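Each chain, written out:
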Amino acid sequence: MVNELSIINPVQDPKSTKAVIQIRNLGIRFAENIVLDHFNLDLRQGENIVVLGKSGSGKSVLIKCIIGLLTPDEGEILVLGKNIPDLGHHELDEIRVKMGFLFQANALYDSMTVRENLEFPLRRHSIKLSAEETNALVTEALTDVGLGHTIDMLPVELSGGMRKRIALARTLILKPEIILYDEPTTGLDPITGGEITDLIMEIREKYNTSSLIISHDMKCVKKTADKIAVLLGGKCYALGTYVELKASTDKLIKQFFE
Amino acid sequence: MTSKLSAFLEDTGKLTRFSFRFFTEGFRPRYEIAEFLRQCYLVGNKSFTLVGLTAFILGLVFTIQLRPALIRYGAVSQIPYIVSNAIIKEIGPIVTALIFAGKVGSGIGAELGSMKVTEQIDAMEVSGTNPFKYLVVTRVFATTLMLPLLVLLADAISLMGSFLGYNIQDVMSFSRYFDHVFSNLTYQILLPSIVKTFFFGYAVGIVGCYFGYYSSKGTEGVGQSANSSVVISSLIIFLIDLIAVQFTDLLGYN
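Protein chains in written order, with my numbering: chain V, 63 to 320; chain E, 254 to 507.
Same shape as in the complex, but just chain V:
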């Protein structure tokens, strides 16, 4: 058994050494099932880390702990210097403005149009914007994902790929510093999945975001990951670049790359 972080530990880019997320000894269990057990990981400014792991290994639980949807039993999650489990409602709200979350099922509100879906986070967070400013942000976010013409449509009228793009636009509307992607290409055909992958990279280029991406899609992983964290047994089993992990002889790591 290889110890946590011991396989590969790449030299950090000296230009981006500021850690925007620092996870220390994170632990969470549901009844008797230990999901995360002393999990450690750093996400640095402008970096994309993909979390790889088997289904049910706790990847979604990890990012839900980071955004504050789940409270861990132990450990620290420092996001931009603030420990998420310690934050009250208002402080959590402030930090969530700086974090975007792309849900696996898109989570678009069925009863609202695309415009209302995009305006929702702007109206709900305590951000004072004029109608013109709101409209400009909605238009910009839709232009970024190439779906300006869908503004008055309902989610049910959109294809799976379009819904994913709209969900991404809603994630972008607050111009977050950090984006958490929960399986962004799952359920999409390879071409649409490739388009979403390209979009993730374009967003990073344009907004200099730092991203934690959960994915099983190895094409997406290869293209988006600066580093890959392998989540096994509730721990960060290995951390390295795609090339480094692909060359690993460890059979537990190899199974993801075969």
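Everything labelled a hint here was simulated from the structure, so no lab data went into it.
Note that the coordinates shown come from a computational prediction; the quantities given were computed from them, not determined experimentally.
Treat each hint with caution, since some may be false.
[What the hints assert, rightly or not] A short list of chain V residues far from chain E (calculated; beta carbon distances all over 10 Å): (1) GLU94; (2) ASN145; (3) SER310.
[Stated by the list, open to error] Stretch-level coverage of chain V by chain E, calculated; a stretch enters the list once three of its residues show a Cβ under 8 Å from a Cβ in chain E: (4) 252-261; (5) 294-300.
[As the list claims (entries may be wrong)] Going by beta-carbon spacing under 10 Å, a handful of chain E positions derived as facing chain V: (6) GLU343; (7) ILE347; (8) GLY360; (9) ASP375; (10) GLY381.
Note that CB positions come from ideal geometry on N, CA and C, so glycine has one too.
Following the hints, position chain E against chain V.
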């Protein structure tokens, strides 16, 4: 058997805690006025046609079926009094509440259940919204306030049906019929029957929201949430009715 009892007690406890949460969060800011008004419109508007139609047929059929029995006692002229008492005190509130539970309660259970399994509730929380206030508090307030209005309308429509039913075989003018109805209608009859409908509305809203909010098992769970919302809220409506009748009896209102 033990596990079923344990599950029942656990669900009862959770539902009770959920109800208390409504009172602790429902009266504190931030107030979701726009969403509350939207829910009032949806809840009232969605049920009005069905409630109105059912109430009309109920009043009509009840009067026609009651007539032969009253003929035997020579009390046909008492139909407006008897029908209005029965409809306003019991039949109107209970039938409207059951239709409301079937139509609105199941809708709330399915809608919130669907939002839960598609992560829309999580998305709301991430977007700086308290989903309990936005989804639950607004819906429970809407059902609590709209059901009494629907019951009043249903009572009125039902009495119209009764008037028509009476005039199929006998003749009585509209004003005379309703003079009979209102001459016997006191606040002691009307108030308890309206007050209990606030509790019926609350039960439909809170039970629907509870089963939707804690829905699981994907799309199968959504169906279960809708079904449980109707079954449990219908049962609670009868329990509330039972308690209400004992209470009004104690006060001498029966």
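Checked hints:
1. The beta carbon of GLU94 of chain V sits about 18 Å from the closest Cβ of chain E, which is more than 10 Å, so the claim that it is off the interface holds.
2. At roughly 18 Å from the closest C-beta of chain E, the C-beta of ASN145 of chain V stays outside 10 Å, upholding its exclusion from the interface.
3. Consistency note on SER310 of chain V: stated as away from chain E, and its beta-carbon is indeed over 10 Å from all of that chain's, at 33 Å minimum.
4. Residues of the stretch 252-261 of chain V with a Cβ under 8 Å from some Cβ of chain E number 0, which does not satisfy the need for three, so the listed coverage is violated.
5. Coverage of the stretch 294-300 of chain V by chain E is violated [criterion: at least 3 residues with CB-CB distance below 8 Å; count 0].
6. For GLU343 of chain E, the interface hint is violated, the least distance from its beta-carbon to any beta-carbon of chain V being 36 Å, above 10 Å.
7. Below 10 Å, beta-carbon pairs count as interface contacts, and ILE347 of chain E has none with chain V, the closest being about 31 Å; its hint is therefore violated.
8. The closest approach between the C-beta of GLY360 of chain E and any C-beta of chain V is roughly 12 Å, which is over the 10 Å cut-off, so the hint fails.
9. With a least beta-carbon distance of about 5 Å to chain V, the hint placing ASP375 of chain E at the interface is held under the 10 Å criterion.
10. For GLY381 of chain E, the shortest C-beta to C-beta distance to chain V is roughly 4 Å, which falls under 10 Å, so the interface hint holds.
Checked against the numbered hints given earlier, the structure breaks hints 4, 5, 6, 7, 8 and satisfies all the rest.
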